[in-house]
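All chains, full assembly: derive it from the sequences and hints.
2 protein chains.
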Amino acid sequence: MSKHVVVIGAVALGPKAACRFKRLEPGSRVTLIDQAPRISYGGCGIPYFVSGEVNSVTDLQSTPYHIVRDAAFFKTNKDVDVLTNTRATKVNRAEKTVEIVDVLTGKTDTLHYDKLVLAMGSKANLPPFEGINLSGISAATNLDEAEMLRNAVAAGQVNSAVIVGAGFIGLEMAVAFADMWGIETTVVELQDQVLPNFLSKSMATMAQHDLEEKGVTVLLGESVQRFEGEDGAVARVVTNKRTIEADLVVLAAGVSPNTGLAKEAGIECDPRGAIIVDEYMRTNDPDIYSGGDCVTIPNLVTGKRGYYPLGSMANRQGRVIGTNLAGGKDTFPGAVGGWVVKLFDQSACGAGLTIENAVKEGFDAISVHVEQFDRAHFFPEKALMSLELVVDKPTRRVLGIQGMSELGDALTARINAVVPLLKAHSTIEEVSNLEVVYSPPFASAMDIVNALGNVTENVLEGRNHMMTPAEFAKAWGNCDTDEMCFIDTRLSGNAQPLVEKYPGRWHNIPNEEIRARINEVPADKPIVVICNTGLRSYEAMLLLNELGRGDVKSAAGGMVAQKKIGSAI
Amino acid sequence: MSKHVVVIGAVALGPKAACRFKRLEPGSRVTLIDQAPRISYGGCGIPYFVSGEVNSVTDLQSTPYHIVRDAAFFKTNKDVDVLTNTRATKVNRAEKTVEIVDVLTGKTDTLHYDKLVLAMGSKANLPPFEGINLSGISAATNLDEAEMLRNAVAAGQVNSAVIVGAGFIGLEMAVAFADMWGIETTVVELQDQVLPNFLSKSMATMAQHDLEEKGVTVLLGESVQRFEGEDGAVARVVTNKRTIEADLVVLAAGVSPNTGLAKEAGIECDPRGAIIVDEYMRTNDPDIYSGGDCVTIPNLVTGKRGYYPLGSMANRQGRVIGTNLAGGKDTFPGAVGGWVVKLFDQSACGAGLTIENAVKEGFDAISVHVEQFDRAHFFPEKALMSLELVVDKPTRRVLGIQGMSELGDALTARINAVVPLLKAHSTIEEVSNLEVVYSPPFASAMDIVNALGNVTENVLEGRNHMMTPAEFAKAWGNCDTDEMCFIDTRLSGNAQPLVEKYPGRWHNIPNEEIRARINEVPADKPIVVICNTGLRSYEAMLLLNELGRGDVKSAAGGMVAQKKIGSAI
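First to last, the protein sequences are chains A and B.
Per full-length UniProt numbering, residue 1 is the first one in the first sequence, and the count goes up by one each step.
Per full-length UniProt numbering, residue 1 is the first one in the second sequence, and the count goes up by one each step.
Mixed in with the good hints, there may be bad ones.
Claimed, not checked - Output of the computed footprint for chain B on chain A, the stretches with three or more beta carbons under 8 Å from beta carbons of chain B:
1. 209–221
2. 311–325
3. 376–386
4. 425–439
To be verified - Taking lysine-lysine pairs in the BS3-like style, the calculated list, with each CA pair at most 30 Å apart, reads:
5. Lys-382(B) to Lys-342(A)
6. Lys-553(B) to Lys-329(A)
7. Lys-474(A) to Lys-553(A)
8. Lys-329(B) to Lys-553(A)
9. Lys-563(B) to Lys-214(B)
10. Lys-553(B) to Lys-3(A)
Stated by the list, open to error - Quick partial rundown of chain B residues pointing at chain A, CB under 10 Å, derived from the structure:
11. Pro-64
12. Asn-77
13. His-377
14. Lys-423
Hints are computed from structural coordinates only; laboratory data are not their basis.
Think of the CB as a built atom: it goes at the ideal place given N, C-alpha and C, for glycine as much as any other residue.
Printed below as a string of structure tokens:
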């Protein structure tokens with residue numbers, strides 16, 4: 001039963017679906033069409049090409065062993081027909097045809113399909129700013145834009161760059177400009193934090209501090225008004241608060257599904273414009289499949305529809321589509337929304353909901369922040385990892401986890417471990433007892449992810465009263481009001497410099513001396529205890545409670561977290 | 001309701017249970033006893049102390065912020081009474097007492113308990129070899145032995161060392177001797193592979209090659225007969241095959257539960273001597289808890305009893321016991337047996353069953369080996385990771401996963417992600433669609449762990465016929481018999497050196513030329529195709545099948561795997 005499969009879009013999902021199908025049904029025919037001349041490239045690699053870490057743009061188009069995945073490659077190696085420079089202009093579902101046009105010659109044609117795959121991906125959100133068509137402004141989402149950026153920075157023509165949007169691509173591009181090329185880089189973000197919706201506001205201050213320490217200017221709660229140019233090239237970005245010099249501008253204000261074609265053909269979409277598919281990745285037309293950046297799939301934490309424009313989603317879904325095109329019954333049940341991004345010294349990673357989004361979704365949620373070494377503390381190479389767990393109080397269900405660390409792979413080892421728990425709607429007990437592989441070069445005997453579950457349990461049980469790192473920093477900022485008593489419970493060798501720096505404000509009573517010196521602890525005002533990471537201060541809090549001091553809070557993550565957020569202590 | 005809890009054993013589980021209980025019930029009393037003078041140390045860190053990576057033995061006894069966890073620390077900081085140099089000689093369950101003796105003075109005493117925790121850990125297996133009491137022979141399991149070893153190597157007195165046993169401790173000690181001190185090191189293992197029961201025989205050859213490349217001699221299938229000494233110190237190890245010079249010998253032939261005391265008191269144990277506990281970590285006496293290296297807990301893959309003498313197990317179980325001593329109902333349902341070990345360039349990691357053990361357990365199991373970059377292949381810093389998945393054929397259930405890689409944290413990120421799937425008895429479809437966090441510096445868009453699920457599915461569906469790396473090496477070893485045709489399907493630039501080295505034996509037909517050159521492929525003998533990692537050779541196999549060549553196998557892991565096992569090609 002030979003058939004003809006047409007695939008519109010040849011970047012990630014399209015080629016995957018096409019090749020998988022051909023391997024299963026070598027006797028059938030596949031036509032893969034794309035409006036661009038270059039196909040099947042790793043778009044997520046663009047920041048690393050711009051930075052210079054990836055040498056050539058063809059590296060992004062190549063197999064691991066340096067064979068360029070062009071039309072000839074697909075024909076020879078996969079027996080897949082590819083039409084590049086070919087735009088699909090209309091899908092006629094009744095006739096089962098796709099109208100196409102050669103974007104170079106204007107020549108039109110019509111392809112008949114038995115099965116159709118919509119793999120047009122996403123398009124960058126381009127707000128209608130005045131001056132948006134000036135040269136030097138791009139979204140950095142395709143290879144032409146990538147080459148423009150790389151050529152400009154490599155030619156030494158760029159002194160300053162502005163990134164609009166502090167999401168993944170925005171921050172990756174900021175690192176590429178500032179770290180590798182020493183360009184004065186400013187990130188302008190409309191919301192009041194970097195990585196909005198992915199990190200809690202509290203933890204986002206850590207990411208922001210990492211950027212700022214390396215010289216990137218981060219402007220939050222600020223909106224771009226227009227771009228100004230000179231001789232047709234961008235020269236300045238005007239925001240609601242200031243004017244910023246800019247030889248280059250990257251618009252990284254998110255992406256939207258590129259589904260106009262689908263909508264016109266009556267394919268069902270959600271309000272965002274993402275195509276609605278069933279678990280077999282089939283649209284409302286049983287002969288039409290879609291996936292990747294085009295579709296909405298279930299968020300397995302909330303049960304609602306989510307949007308996950310990620311190369312990994314596209315590849316996994318592409319294989320499911322390829323299987324089902326050949327009569328298979330593979331399913332793709334949804335996602336919990338895992339992600340990771342490399343900044344400068346720090347990497348950030350997470351899955352599921354942030355505390356802010358959990359509350360927005362109606363959960364009675366709390367979040368708990370822990371700092372701990374990512375492996376045995378006596379092992380020489382190690383990093384202090386930050387993790388935050390988001391939990392639904394009444395059910396103790398785990399809703400999300402986010403983290404930051406210098407050793408990014410070790411961070412992904414913890415987040416990946418929790419992803420199946422998010423999917424299974426597990427409770428924090430499963431985090432406390434989560435089996436993560438252990439030996440001293442890789443984990444602690446009581447690993448940070450287990451400790452995170454344990455501390456969360458203590459918080460839920462009302463035994464541990466914590467301040468987030470951001471709350472502590474804010475409270476300390478008001479220390480002159482003398483409304484709270486700040487007690488450093490580390491040994492005096494560690495605490496002394498701060499006691500001397502802030503006489504009468506920063507107190508030091510090591511855990512070991514609390515019983516003997518309890519009379520120094522005021523009974524008439526709130527007390528905050530802090531240590532290195534929060535371990536000793538938790539015990540100090542318990543002891544103070546036992547000795548009759550009721551209003552005591554422990555600073556989550558201790559001094560380590562304060563340092564990571566760039567707190568002014 | 002104040003009570004007295006006695007804890008026998010103060011290394012890992014004991015202190016954890018004691019401190020957790022005291023935090024929950026500060027009004028109760030805990031007595032922690034241990035026969036050694038030093039307590040609460042990271043025994044798993046001993047190889048890193050011997051190597052010199054950990055500077056001082058007190059680092060293994062200290063908190064992350066350098067406070068030594070001695071008896072005074074526990075009294076002052078945790079309000080836990082500690083009796084060191086104190087051996088428990090008898091538990092009288094009817095009276096609820098423990099008889100103790102001071103090992104220095106011989107003074108005896110009796111402690112009454114309300115609840116008792118048995119945390120005596122494990123003891124090294126010491127086979128009754130002649131000469132075992134010579135100096136320089138130790139099991140490297142306590143701090144005294146650790147100091148003896150470190151002092152000896154640091155003094156430059158050690159030219160050669162023999163390790164008996166190629167398990168975790170054995171290999172960690174071999175690395176410590178050879179890597180950091182340049183000592184001529186030999187590992188003698190009774191079984192025919194390193195890391196028996198943890199890596200498949202095939203993948204164990206990779207670990208062995210890593211050891212041998214760094215100068216460690218690995219002797220498999222060889223049994224120690226006796227030790228010979230000079231002036232009371234060990235000088236030679238005599239095996240059934242040879243005599244080996246040895247200034248130091250480490251006996252790393254596994255450990256057994258140290259439960260004599262428990263058995264005498266009528267506590268129920270399994271045939272191995274491990275205490276049987278319920279999910280609350282309670283023994284057959286409801287007032288007596290046990291955990292860590294003393295107990296057997298369910299293997300969540302087989303449903304049978306397993307034994308997991310790991311510091312991480314002890315810590316997590318210790319907390320459960322601490323909670324339950326205070327009237328809680330925490331549970332510890334079991335383990336899938338996750339582990340990780342750092343060798344020289346490579347680290348090895350796994351969870352669940354190996355293929356050999358799966359078959360032994362009665363599963364109709366197969367295993368599939370994949371080699372792939374651990375992150376986007378265009379990202380500059382990366383490693384080729386090896387993964388092996390073990391699957392039950394009839395149910396497609398995942399039974400185990402093992403791997404090796406140079407970037408160990410990235411390896412743990414994949415194994416940790418699969419652990420919850422092993423626990424949940426998931427099928428390979430969940431591996432194919434497993435959500436692992438993605439961006440180019442951390443993962444591939446089609447990540448190796450997803451590819452592992454995909455390849456396994458192709459094998460189960462009969463589409464992919466593979467040879468394991470070890471099988472390929474063996475077949476190539478017989479290439480002179482001309483019984484098989486070996487075809488390298490890489491581009492000729494890669495294959496040419498081998499074609500010239502093995503004229504008439506090593507053939508090269510790149511995938512791109514198979515159709516045109518099909519007549520060069522014999523139809524009358526088995527064919528093996530090989531490429532860099534197994535991706536191209538899979539497609540070559542499909543094409544050869546399509547073109548009428550039925551008996552074709554693809555070399556799993558390709559040339560990369562051959563190189564990792566040290567194959568003679």
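Hints, one by one, checked against the model:
1. 209–221: violated (count 0)
2. 311–325: holds (count 7)
3. 376–386: Satisfied; 5 residues make the cut.
4. 425–439: holds (count 9)
5. Lys-382(B) to Lys-342(A): Status holds; Cα separation ~14 Å.
6. Lys-553(B) to Lys-329(A): Status holds; Cα separation ~27 Å.
7. Lys-474(A) to Lys-553(A): Given that 30 Å is the threshold and the Cα spacing comes to 14 Å, the pair holds.
8. Lys-329(B) to Lys-553(A): 27 Å, holds
9. Lys-563(B) to Lys-214(B): 15 Å, holds
10. Lys-553(B) to Lys-3(A): 29 Å, holds
11. Pro-64: Holds. Min distance 4 Å.
12. Asn-77: 6 Å, holds
13. His-377: It holds, given that the least Cβ distance between His-377(B) and chain A is near 4 Å, below 10 Å.
14. Lys-423: Hint on Lys-423(B): holds, closest Cβ of chain A at ~7 Å, below 10 Å.
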